[in-house]
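> In case you want the letters, here they are:
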Amino acid sequence: MSEKLTRTQIKNLERLGGVNPADEGYSRRQFLTQVGVTGAVVGGAVGAGLLVRDQWGMEGVKPPPPVRLKDYSVERPASSPSLIVVHSTPPQIDAALGRDAELAAREEQAFRMVKAALDAMGGVEKFITKRDVVVIKPNVAFDKNPDLAATTQPDTVAAVVKLCFGAGARKVIVADNPINNPESCFYKTKVGEAAVRAGAELMLPKDSYFEQLYVGGETITGTWRMFYRPFREATKVIGVSPVKDHNLCKATVTLKNWYGLLGNPRNQFHQDIHGIISDFALMMKPTFVIADARRMLMRNGPTGGSLNDVKRGDTMVVGTDHIAVDSYCVQNKDLLDRNRHDIIYLDRAIARGLGRDWRPQWTQEITV
Amino acid sequence: MVRIRRTYEALALGLFLFFLMITDLRYLKGWPVSLFLEATPLVAVATALTTHTIYRNLVWGLVVIAVTMMLGRVWCNWMCPFGILHHIFGFIGNRRNTKQLIEVNRYKKIYAIKYYILAAMLVMASLWMIPTALDAPGKVIAAYNGSELTQTGVRRVFAALGAGFGEAAEAHKGNGNSTLQIGLLDPIALTVRSLTTSVLPTVHKATEGVYTEPREYWQAWVVGLIFMGFLVANWWIPRFFCRAICPLGALLGLFSRFSLWRIDRDPVRCTDCDLCLKSCEGASDPHKDLRKSECFVCLNCIEECPHDALSFRFLPRKASEITYPAVGRRELLLAGLFGGVFFPMVRLSGGVRKNYQKSVIRPPGSVAEDEFLRRCIKCDECIRVCPTNVLQPALFEGGLEGLWTPIMISKMGWCELNCTLCSQVCPTGAIREISIAEKLGVGPFETKGPIKTGTAFYNRGRCLPWAMDVSCVVCEEVCPVSPKAIFTRNVEVTTRWGELLELKRPFIDADRCIGCGICEHECPVKDDPAVYVTAQGETRSKERSLLLSLVEDPDASSWVSV
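Residue numbers (the numbering used here), protein chains in the order written: chain A, 1 to 368; chain B, 1 to 562.
Accuracy of the hints is not assured; some may be wrong.
[What the hints assert, rightly or not] Have a look at the derived ranges for each label pair, beta carbon to beta carbon: (1) K29(B) / Q92(A): 30 to 38 Å; (2) G44(A) / W31(B): 33 to 41 Å; (3) K62(A) / N355(B): 48 to 56 Å.
[Stated by the list, open to error] Anything over 12 Å on all C-beta distances counts as not near chain A; from chain B, calculated: (4) R6; (5) W218; (6) S320; (7) P344; (8) M345; (9) P524.
Just so you know, the hints here were simulated from the structure itself, not pulled from any lab data. We put the CB at the ideal spot given by N, CA and C, even for glycine.
Could you build the full structure based on these sequences and the hints that come with them?
Rendered as structure tokens:
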């Protein structure tokens, strides 16, 4: 120590025992750990930075990976009918027994009709096998009482759920993305309660349940936001639809029912309503569909709102091809009774080869 | 005792949060979800001043007043969820030693502010008294000279006084002569409002567990920031809101002067150690003469006292208490004057009568605007229960008085046709309870027609079929009434490329339109919808009607809910 220390400094040195600890060197261990750790952290940071580097800013505009829907249809022998029309006598309702008895009679009617139709097609087991996960898509777009026929009848949904479980389905999911508030819709159409009571799982459209679906059609040329979550594990898909009037496309039956799986801004599709509905024939290959024409909304569709707009049909149309089912429902005199070629989306879909128009020879009419 | 109180606090806060969580279409099964709002006496007292009635379950407030007159301000530390939240936040933020705790819990002069706030708000609620007082003498004389009264002599004088004043009060309670502003600071209204519009949406953002679809509330950060500010204030001054701001605490402080039980100090046993102040919630000075109006009856002081000098006693000596709150007469006068002058200034700034805003679309069942402002406590319980997110806390759309009152913003949601939930939970009748039949105008309400909240209009410059030769009419599709209030006319136009194109162009049938706003919500022109609803044509007040065909004299008997 060459420099001269002040008195205080000398005192400090004495207190520390004559050795200045600041003059001590570092150990090899200290060198290795400290320099090593610093190097690792700096290197890691630089490496991580290079790893997530985005030279052209494309990461910010990269769309999420699209999902695709499977083909949910089943192979069936050509000899068996592909479209069943079930007529039923109106349920005998004793007014004195009250509302509950009426609902019970209607529920029994629905079950009888659905079962008869599926039996005529070879039984529900031909469609649903053990351990299947079935998605049922009702149309509960509006928060209306089922008697107003703007939505799928709850007893029909319940009947399908029960038959699926009877055939050994592992899980049945009932899902829709309504126009009105989802909770209100499932509650007031009574579809939610009916589904849960029959043992199905109700899936409401949460934001995180939507994914980009690849369609590749004419109107949705690429992808669109879709309520995909229920289809993640689905092995079979059944559409259960009402038969009703629509202000723009003239008829809402099973094909238009798939509209309820799309996410926003789906209202833009009104600019090409026939194109989008014909795209559904490409997007969805259901196991089978049910058009429930026991009550039909003839006017003021698709919302309805008055019993004056409702007609009783006491008919159900079940089929494997939604285009044929729709075609039957719109032109039949006892059902919607429209001019078949007013329904432009059916012509579009058929012209695109996505399905075939209804022919009498495929049809079997039964009465229960 | 303190342990029992803590149990009660946990129960009260738990019940409050439980009711708040089940205020939702999915879980609401006839639970009395508005119970806490109905139990706050400030709402009962203030609405009694503005409406001369006590609406439905607000009588619970009178029960709380009765309890206060026996036991003191037990509400504040045993039942009030906001008070309990303050208690918890004060506990979290506490880093003081015993000496500092004693100092921070001494009474301060600023704790009298709450009485001035209460005075100003109650004066705003009772301004009808001035025209009543001016008008009453004439009415009294007319009644005395008239032929209605059957009494004679002195009894006739009293009968005339009663009849004259009653008539005058009834005549002058409306017409913009009073407003209800206690909801701004009433602890329950403030808590429900803050949790509804600000805290729950935030919780949902993290957990996705509160709603099905995420909710947004217009400028709710203001509400949330005020709420957080009051809670964090506990770190500097424990129970700052309760001690200095809360108008309900002030009201209960006034009533607690009657209380039969109170904390009492035994001057012989007391050694003036001031340890009782260590955890005093109300800053009510239990170490000397008790400030009766400030004590929250938390009973902590009894627990803290090392010499058992404090007890909760029935009818202790009158001399050892400060019965009345320490308010200055000058300040009180000033606060009252402020209320009396500021409310007319606000009301006469427009926004309620002549220059009422088209965006102030009140939910169905709402009473006419003047009456609405005399009933709404801005608790936003209706906003909590609304399933579509259409109900929003207003900022200044309805004037300063209408701050955080519910309005419908159709871009956020729409009024669901078969839904009357907001009218069922409203604690004060600002939204009168209506049935579905009354809302839709069916059954016994056939002649009255549906309740309209406004009318839809088209902006043809932005509407696709009107302005851009593109087909659309989503509005017609979603219109929920039958027959639809939106109808179309087919037109054939030649496009710019010379092709013929058939278009459906939409129109409004104002007769049918109920102003639900689903057309505006679903319109693909999102930022400034081509079809939009304004308050014009709402049925709640005749002055705002639009069509001659729909104007009818309000029939008193038809105001009964089925």
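> Quick one: work out the minimum CB distance from R6(B) to chain A and report holds if it exceeds 12 Å, violated otherwise.
37 Å, holds
> Beyond 12 Å from every Cβ of chain A: is that where the Cβ of P524(B) lies?
5 Å, violated
> Going by Cβ atoms, does P344(B) stay more than 12 Å from chain A at every point?
Holds: least Cβ distance 41 Å, greater than 12 Å.
> Should the hint that K62(A) and N355(B) are 48 to 56 Å apart at their CB atoms be regarded as holding?
50 Å, holds
> Please verify that the nearest CB of chain A lies beyond 12 Å from S320(B)'s CB.
Check passes; 58 Å lies beyond 12 Å.
> Beyond 12 Å from chain A, beta-carbon-wise, is M345(B)?
Holds, because the least Cβ-Cβ distance between M345(B) and chain A comes to about 41 Å, which exceeds 12 Å.
> Has the hinted range 33 to 41 Å been met by the Cβ atoms of G44(A) and W31(B)?
Violated, since G44(A) and W31(B) (Cβ atoms, about 55 Å apart) do not stay within the stated range.
> Could you check that no beta carbon of chain A comes within 12 Å of the beta carbon of W218(B)?
19 Å, holds
> Is the distance from the Cβ of K29(B) to the Cβ of Q92(A) consistent with 30 to 38 Å?
34 Å, holds
Consistency with the previously given hints fails for numbers 2, 9, ordered from lowest to highest.
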